[in-house]
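Trainee: If you want the building blocks of each chain, they are given just below.
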Amino acid sequence: MTQARDEILGTIRKSLAAGEPRTPRRLQELKSRIQDSAPQVQPYLDDDLLTRFCQKHVVVHGTYERIHKDGIEAAVVRHLAGLGLDAQWHLGSGPLLDATRWSDQVFVYRKSADKDTKVALTEAFAAVAETGTLVMCSGPAAPTSQNYLPDNHVIIVDSGRIVRHMEDVWAMLRTTGAAARAVNLITGPSKTGDIEQTIQYGAHGPRRLHVLIVEEAQT
Amino acid sequence: MSASAASQQVIFRERTRQALDDVSLQRALAKARGGFVDHRRDAVDALPEFDAIRDAARDIKDHVLSNLDGYLELYEQKVIENGGQVHWARDAAEACRIVAGICKDAGARTVTKGKSMVSEEMHLNPVLEAAGMTVIETDLGEYIVQLAGETPSHIIAPAVHKTREQITDLFHQHHSPLGYTDRVTHREALVNEARSVLRERFVTADVGITGANFLVAETGANVIVTNEGNGDLTSCLPRVHIVTAGIEKVIPSLDDLSVLLRVLARSATGQEFSAYTSLYSGPRRDDDMEGPEAYHVVLLDNGRSRLLGGQYQPMLRCIRCGACLNHCPVYGAIGGHAYGWVYSGPMGSVLTPLLNGFDQALDLPNACTLNGRCKEVCPVRIPLSDLLLKHRLEQHDRRLTSVSGRFLLSAWAWLVRRPRLYQGIMALPLWFMHRLGRRRGVLSRLPLAGGWTDSRDFPAPARRSFLRQWHTRKARS
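Protein chains in written order, with numbering that gives the first Met the number 0: chain A, 0 to 218; chain B, 0 to 476.
Warning: the hint list may mix true and false statements.
[Unchecked claim] In silico DSS-like cross-links for lysine-lysine, where the CA-CA straight-line distance does not exceed 25 Å:
no., chain 1, residue 1, chain 2, residue 2
1, B, 30, B, 374
2, B, 374, A, 13
3, A, 68, A, 30
4, A, 30, B, 374
5, A, 13, A, 68
6, B, 374, B, 389
[Claimed, not checked] Listed next, the stretches of chain B that the computed footprint assigns to chain A, with coverage defined by at least 3 CB atoms under 8 Å from CB atoms of chain A:
no., region
7, 37-49
8, 138-150
9, 441-451
[Stated by the list, open to error] Far from chain B, by Cβ distances over 10 Å, these chain A residues were calculated:
no., residue
10, 98
11, 164
12, 203
13, 215
These are computed hints drawn from the structure, not numbers from a lab.
Ideal Cβ positions, reconstructed from N, Cα and C, are used throughout, including at glycine.
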């Protein structure tokens, strides 16, 4: 195995006429380029990030509601009732969800989703105005399966965590030092164009994606 | 020309003929043709910065390729730090052995796969099946193609060549034994049936194999871009996650990733962003309640390292978006299978001879009109049509073209370097053709050019050549 590795790296060096193996100094230069990495050319966006996020999210077939942090449970129940579903769901984790006290009117399951899971309620690490994208990080109480197996996905996001560009998310991830195995960028419900190049929703992931934007979560 | 090269050429021509005569295929291709092109144009028009981002994307890829050994080492370090393992494979056979070995060690019986062109390149599925495993493609298009016993005919739309009727038949045939006895014909019902069948597979699979759109050296993550979510279910549910990727997939940082993602989806499907873009690094963390216990990356060379530093290096920038296929009139006429290998369209015509050997794909660089649309739409600015010309030149120089063809080209080259002689000799056929087509202005039959005139007229030339007329007019004035 190391033989294959050495041979491949050797051929690369030979082809690039780099001759000798990379010197530590050269590797350090590449490392520095990574460490000093900064946003490059980005699309222009105006300052109303919340409006932009909502607009982009709707374009990709998502729905949303702007709520107050005390209204989380009510908003979820209302959304599910609209779909004819009971008030029970698989629950993810995040500052807003962890701080919520659930009433005895609802059932929450703090576990991985399975193939029959109807609803998951999870919290986004951040959201991106540029593309209407929600950023989900896996964690001990935030299993990735909740983002993909349920028919209905409800994502809660703190409006203060809607950032301008994707690169702003990378900066946040770097400073929190988050060591999540999975970072899932989600933009709308699951879809496929594989049958006659016509879009159908609900291919393998959620059929519906509903976002609850919690405003003034900090106050 | 070697015997195998000659037979390969016959096969390409035969396949092309079959493709053109295949009514279902032509219907499917006609349906697909406009959509991709229009959607891409709309997405590009909506982003004023698109060209600047394309330049940045090209520069990132060039920088990586010029330092590929270094970035691969940095990437490998990070994967190991995350608790994953990196395997290196010189060729497809070695990569298959590695993947099969991991699956066997894991006691795997069922393997789910997300879309991976590299695993197609490896011909992985038959190897795993021979080892007694059940392999299930989970991308809907790949799944359809697998049921049909075929290979993908497009990078991002593997089943673009299948009509709804054909898919209905396939599902009915393969899903009936599973209890889905109703024959469903609507798109929505077809998607639902596949969703339901594959769900069972996702949750019972022992190993999940995905590709990688990018490998990020900064974090050691593999990035997959999908719309269905199948790649994510393949990555997060089984006990073992294996990533198969070409060595050229590594990029430096997350900021570089943003640049490339901005051009990828727009070029591929005309979306601003795919539904799912995911970064996976290493196996489950100690306190995670789910996720794979083991995470492996298999890095495949298969001839790529030899291309560095040479005239074909730009081909390694390719991010497999499929835009060149969508904009190619040849691809649009014959579909992907006629190309004979995993990669089709302009990028396939450049890459296949480079990876499989020049004499293995002689016809591909010649099956091109040189209209240059592929080069125009490429998100990382690969000069595809120029590279195809280089291929043609190389075929000539290596004497891989036919003797008569080379003789004619040499004779032509000799003649055109003698302008007076050329003018004199060309005057006669010119006069003759002008006489022939005098009445209608076109020629419907032409000796030695039946291939052209069988299906269309040839415009009759003027009586005297342009140069002659030019000289006469100049003399008059």
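Trainee: The structure should be examined with respect to each hint, and the outcome stated for every one.
Mentor: Hints, verified against the model:
1. B:30 to B:374: 24 Å, holds
2. B:374 to A:13: 29 Å, violated
3. A:68 to A:30: Answer violated: residue 68 of chain A to residue 30 of chain A is near 42 Å, above 25 Å.
4. A:30 to B:374: It is violated: about 32 Å lies between the C-alpha atoms, which goes past 25 Å.
5. A:13 to A:68: 60 Å, violated
6. B:374 to B:389: Given that 25 Å is the threshold and the Cα spacing comes to 14 Å, the pair holds.
7. 37-49: holds (count 3)
8. 138-150: holds (count 4)
9. 441-451: Coverage by chain A is violated here, the residue count being 0 at a Cβ distance below 8 Å.
10. 98: Fine: 20 Å to the nearest Cβ keeps residue 98 of chain A off the interface.
11. 164: About 7 Å separates residue 164 of chain A from the closest Cβ of chain B, which leaves it inside 10 Å; violated.
12. 203: 4 Å, violated
13. 215: 28 Å, holds
This entry does not satisfy hints 2, 3, 4, 5, 9, 11 and 12, going by the numbered hints stated previously.
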